[in-house]
Structure formats: C-alpha cells, structure tokens
Amino acid sequence: MSTISEIETLLGQVALKDRAAFGTLYARTSAKLFGVTLRVFNNRAEAEEALQEIYFKIWQKADRYQVDGLSPMTWLITIARNHAIDRLRARRTRPGDLDEAVEIADATPGPEAQAIARSEAARIHACLDELPEARAQVVQGAYLAGETYADLAARSDVSLNTMRTWLRRSLQNLKDCLSR
Amino acid sequence: MTDDPTSQPEDPDIPLAAEYVLGLLDEDAARAFEERMQRDGEARADYAFWCENLAHMTDTIPSEAPPAHVLRAINERLFPEETRVGGASWLWGLLIGGVLTTALVLFAVFGLQQGGPGNTRPELVATVAAEDQSLFIAAAFDAESNALQLDRQAGAALPGRALELWLILPEQAPLSLGVLADGAQSTVQLDPSLIDQLTGAVLAVSDEPPGGSPEAGPTGAVLAVGELAALDI
Chain A
1 MSTISEIETL LGQVALKDRA AFGTLYARTS AKLFGVTLRV FNNRAEAEEA LQEIYFKIWQ
61 KADRYQVDGL SPMTWLITIA RNHAIDRLRA RRTRPGDLDE AVEIADATPG PEAQAIARSE
121 AARIHACLDE LPEARAQVVQ GAYLAGETYA DLAARSDVSL NTMRTWLRRS LQNLKDCLSR
Chain B
1001 MTDDPTSQPE DPDIPLAAEY VLGLLDEDAA RAFEERMQRD GEARADYAFW CENLAHMTDT
1061 IPSEAPPAHV LRAINERLFP EETRVGGASW LWGLLIGGVL TTALVLFAVF GLQQGGPGNT
1121 RPELVATVAA EDQSLFIAAA FDAESNALQL DRQAGAALPG RALELWLILP EQAPLSLGVL
1181 ADGAQSTVQL DPSLIDQLTG AVLAVSDEPP GGSPEAGPTG AVLAVGELAA LDI
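Here the protein sequences line up with chains A and B, keeping their order.
Reading the first sequence from the start, the letters are residues 1 to 180 in the numbering used here.
Reading the second sequence from the start, the letters are residues 1001 to 1233 in the numbering used here.
These aren't lab readings, by the way, just hints derived from the structure by calculation.
Predicted model, so just to flag it, every value in this text is computed and none were measured.
Ideal Cβ placement from N, Cα and C applies to all residues, glycine included.
Incorrect hints may appear among the rest.
To be verified - Partial list, computed: chain A residues near chain B (C-beta under 8 Å): (1) Tyr26; (2) Leu51; (3) Lys57; (4) Thr74; (5) Asp176.
Unchecked claim - Partial selection, computed: residues in chain B whose CB lies under 7 Å from chain A: (6) Pro1015; (7) Leu1025; (8) Ala1029; (9) Cys1051; (10) Glu1052; (11) Leu1054; (12) Ala1055; (13) Met1057; (14) Thr1058; (15) Ser1063; (16) Val1070; (17) Leu1194.
Looking at chain A on its own, in the form it has when it is part of the complex (with noise of 0.2 Å):
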C-alpha cells in the first residue's frame, strides 16, 4: 500500500518531468482514479477517456500541487472529480434530466462500502449520516454527480432558493460536525 509520503515524492518528482516517477505515480493511483471516473460516468468508454485527460493533466499541473495546500491523494481525487464533473456537465443538454437519477442512487453506499468507511474513520461519513438522507443525497448528488442547484431543486420539487437554503444550512452542519 502507497504511503502519502510516496504519493509525495513522486509529485515533487513528475512536477522536474520525471517520466519514471509519473509511470510510477499511474501504477500507484489509476485504479483509485479510474474507480472515481466510472462512479462519475456510469460508461467505461468515456470512465476510460476522462482518465486519460486526467492523467495529461496531472502531468502538467504537477508543479501545482505544493501551492495548491491538499494532501497528496486528496489534489489527485479532486483533479480527477473535477475534471470528470466538468466532462460530464459539458455533454448535458438539459439540466435536472431526469435520467441521471440512476446516478444517484448508486452513489449511496451499501452496507458492505460504508463498514469500510467506518473502518477508515473519515470524518466525512459519519457527518453525513447526520444528516437526514435526502440532505445527505443532496451533498453526494453535487460532489460525486456534478448535480446543479438546478437539477436538485428540479429533482427534489423545490424552488432554487430553497435547495440553496436547505444545502447551505447542511453544509454548515457538516461543518460543525466535522470540526467538532
């Protein structure tokens, strides 16, 4: 298993262009990413082709990394979210589209995935199971979805402003939890 130090040493080495070190650095994290890109997609073709695009960029904005203040595999998952939101936001045609619903309802672990995320102890988790299901969809629909206040207002049959209010007031809540 890669230690955070690993993932460190070799951005510090792909930002000098060191070919070794980013083949290193693919081996290392692809599948974590991969895995990130196919829960993004739901489609292996474009999950492959995003992953792709994520690598030339990790590649490029490897010297980024010190200034950007993340850990290692957190600037990584957030390169590879973000550009896969972005791909997938670019390709809709119409926002709230009701077929993304199915999206939505893989993104909710089972059982098996969140005794794993007990056993990480990531903060994140048990936050969010404070939060009352549908607050906590609404924060997993936007991360791992790339869903607009649009499309959840539209999903959840309300006005934008109230969606803003209700996820504005469970991120502050998360907040809390997670400063606690």
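For chain A, the structure is supplied; the task is to place chain B on it using the hints.
Just chain B now, kept in the frame of chain A:
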C-alpha cells in the same frame, strides 16, 4: 440562469468554499472566490478543508485497474517521440522496478506501433531477463522484415567478454543468433525457415569470450532467458 438575490459572499453563515468545491457557484461567483483565495489565507484554508473532507466521499467507491490501452494512449499523447521499439524507456524502468506487469508494459510499448515502414506491429515479443533483472532485453519479432528487434534496457557484457543471443526451439540445440551489438538497439535477421517455429521458442543470452562462443553451443553461463509469445491485447 436567473438568480434571486442571495446573501453577500462575505456572510460567514454561508459555506462558500464548500459550494465552490462542489461546483455549485455560478461562473461569476466562482471566479470571485478564486480571486479571494489569491489574497485571503482563510479562504484557502476553507477550500482545503472542504476538498479534504469531500474527497473522502470517494472512499467507498471501489478501485478498478484501468485497461492497458489507457496507459498506451497517455504515453502516445504525452511522449509521442517514443514510438519506436525500445522507446518509452520509462515504462521499461517500471517493469524492472517491479511496478507494472510484463504484459502491461509490453502492450504499452509495442502496442504503439501502427502501420508504416519499419513500424509494423510485432507478432511475438519476449522479455529476455536475468532473474534479478540486472540484464534485461526487450525483443520483438517483426514478421514483415523477418527480424528480431532488440533493445537492451539494462545490463551489458562483462569487461572483455561478449553477450551472445541464442534461439532455443523445442527439442533442439540452441541456435546462435550472434553476439549482441554494443548499442542498446539492434536487429537480428532470422532465417525464414525459423519463422513458423517461433511461438513458444526461448531466447537466451550467455556470457562468452569476445566474438562469441568458439563452439556450436554456449560455453559460458546463461544470464537471461525469455519466451517468445504472442502480443495479447
């Protein structure tokens, strides 16, 4: 998108950084937040806080190794000059370092070959390697030219000695393919009679006096072996 009037961005009750990370801000608000991050350490800290915590929502997503062609495409796009046999030495470095499997590296490197003169995709490949990878030669058989293309990625002849390449067909004595050239890359022409027997044939490298073995077979230690196999996509 038409907006109802919203609270001011500076309102501490609104987790603006979270909305930014989630991608919920409109274009103007997002750019404004980015500008604010440039000058405000607290905004940067908020940004990092949300990135770190929200990224953990991916903890429960199963990892899955991507198919080999993804790495090939990345290599092609980022390092296009490395398209000849034996190019992409950084990938071979990964194999030697035990980071990637042989199949993955072979495909990523040799799979780059498209049509074109001297650049046809090889039918058979082998990694002729010592157990500890101290000697490592990539080999690809090019059916169009009836030649074995070789790339010595690691190791060399001992001083005052030579490396000789042998082809070992089932139930036959080793057949010399000559002393390996000094350079890393070389081509060995094969007798047409051998072409049909190459699948599963073994390539071996032995340590010999300069000019190669004085006898029909190897006289020195066998340093590396590898089996020729079809490139499996």
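Going down the list of hints, with the structure as the test:
1. Tyr26: OK, holds: Tyr26/A within 8 Å of chain B, min 7 Å.
2. Leu51: holds, 6 Å
3. Lys57: Check failed: Cβ of Lys57/A comes no nearer than 11 Å to chain B, outside 8 Å.
4. Thr74: holds, 4 Å
5. Asp176: violated, 10 Å
6. Pro1015: holds, 4 Å
7. Leu1025: violated, 9 Å
8. Ala1029: Because about 11 Å separates Ala1029/B from the closest Cβ in chain A, which is outside the 7 Å limit, the hint is violated.
9. Cys1051: The hint holds - Cys1051/B has a Cβ within 7 Å of chain A, the shortest such distance being about 5 Å.
10. Glu1052: Since chain A brings a Cβ to about 5 Å from Glu1052/B, closer than 7 Å, the hint holds.
11. Leu1054: holds, 5 Å
12. Ala1055: Holds - the Cβ of Ala1055/B comes within 7 Å of chain A, reaching about 4 Å at its closest.
13. Met1057: Since the shortest Cβ distance to chain A is 5 Å, the answer is holds.
14. Thr1058: Hint on Thr1058/B: holds, closest Cβ of chain A at ~5 Å, below 7 Å.
15. Ser1063: holds, 4 Å
16. Val1070: Interface hint status for Val1070/B: holds (5 Å vs cutoff 7 Å).
17. Leu1194: violated, 34 Å
The structure does not agree with the numbered hints 3, 5, 7, 8 and 17 stated previously, though it agrees with the rest.
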